[in-house]
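J.: Place chain W on chain E using the hints.
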Amino acid sequence: MPVPRLNILNETIRNLYFHVPMWFTMMLLYTMSFYYSLKYLRTGKLQDDIYASQITNTGIFFSILGLVTGMEWAKFTWGQAWSNDIKQTDTAISMLIYFAYAILRGGIKDEDKRAKVSAVYNIFAYAMMIPLIMILPRMRDSLHPGNGGNPAFSGYDLDNDMRKVFYTAVMGWILLGLWISSLKIRLTMLQFKKENTFQFDFEKNKKDA
Amino acid sequence: MRKTSLLSVLFLLVVLMAKAQGEAPEMADKMRAEGKIYVVVLVLATIFAGIIVYLVRLDRKIAKLEKQQS
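Line by line, the protein sequences are chains E and W. The opening residue of the first sequence carries number 1 in this note's numbering; numbering runs sequentially from there. The opening residue of the second sequence carries number 1001 in this note's numbering; numbering runs sequentially from there.
Quick caveat, the hints were computed from the structure, so don't treat them as lab data. Cβ coordinates follow ideal geometry from the N, Cα and C atoms, glycine included. Misleading hints may appear alongside valid ones.
[What the hints assert, rightly or not] Short, incomplete list of chain W residues facing chain E, as computed with Cβ under 8 Å:
{"no.": "1", "residue": "1031"}
{"no.": "2", "residue": "1040"}
{"no.": "3", "residue": "1068"}
[Stated by the list, open to error] Lysine-lysine pairs mimicking DSSO-like chemistry, simulated, CA-CA at most 30 Å apart:
{"no.": "4", "chain 1": "E", "residue 1": "109", "chain 2": "W", "residue 2": "1064"}
{"no.": "5", "chain 1": "W", "residue 1": "1067", "chain 2": "E", "residue 2": "194"}
{"no.": "6", "chain 1": "E", "residue 1": "193", "chain 2": "E", "residue 2": "109"}
So here's chain E without its partners, still in its complex pose (with noise of 0.2 Å):
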């Protein structure tokens, strides 16, 4: 597929296709793991704690390669790698907050407090990340597209050429999200089963039908 040819960015526009899915698939994934941990503690049920957790786990593995490709990408059209452009920054401290997650839920061994508490915090890092990374830039003047009144997504920088392959790759990067997220759910509740004696619901719907 041919690409616009614009000055500095040259073939590097193609990196479209793999840093920007990355943010998006980390971006549906913490917006699924928001709603499994409001669905926590509204139910009560491990197994939506359990959900909450691996979802946002494989959200972090996203935003880690969403931030080490943009990185990349930056060293050679910025000029350096980190240049405290204000999209990079917040992003940073989003990443923080829900490497604070990961932590959190290491410390804490009793599973209904640590789903408690990390549901709790979940929610409130949720409601951090969205205006740190989707509001906040777009108020300053920011090296990415989109930001600071550079438009994004339009004729300029996204023909129609791209749209195709760029839609495309977003559907497939969110599918792998999805299935990693997937595989590492059921191995945990293979694990939680192993360790507790402990049925999940679906189970006993399971036996009395």
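T.: Quick look at chain W alone, frame taken from chain E:
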């Protein structure tokens, strides 16, 4: 005779200098060559390495569980 040899030396120097200026110094610019396509390669390699590392870690966790099972 002396004049011509001096002129020829001068000419040689000028030619050498022009050549030296025409050739840009060779730097580690592979990443900026060929329309920076190698940056895309680097990004792809990073993602691939990341996924592989993640898969290996998942594999280890599953292996551990399998060991406990038996």
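J.: It remains to establish, for every hint, whether it holds in the given structure.
T.: Against the structure, the hints come out as follows:
no.	hint	result
1	1031	5 Å, holds
2	1040	5 Å, holds
3	1068	6 Å, holds
4	E:109 with W:1064	20 Å, holds
5	W:1067 with E:194	12 Å, holds
6	E:193 with E:109	16 Å, holds
Comparing the model with each earlier hint shows no violations; every hint is respected.
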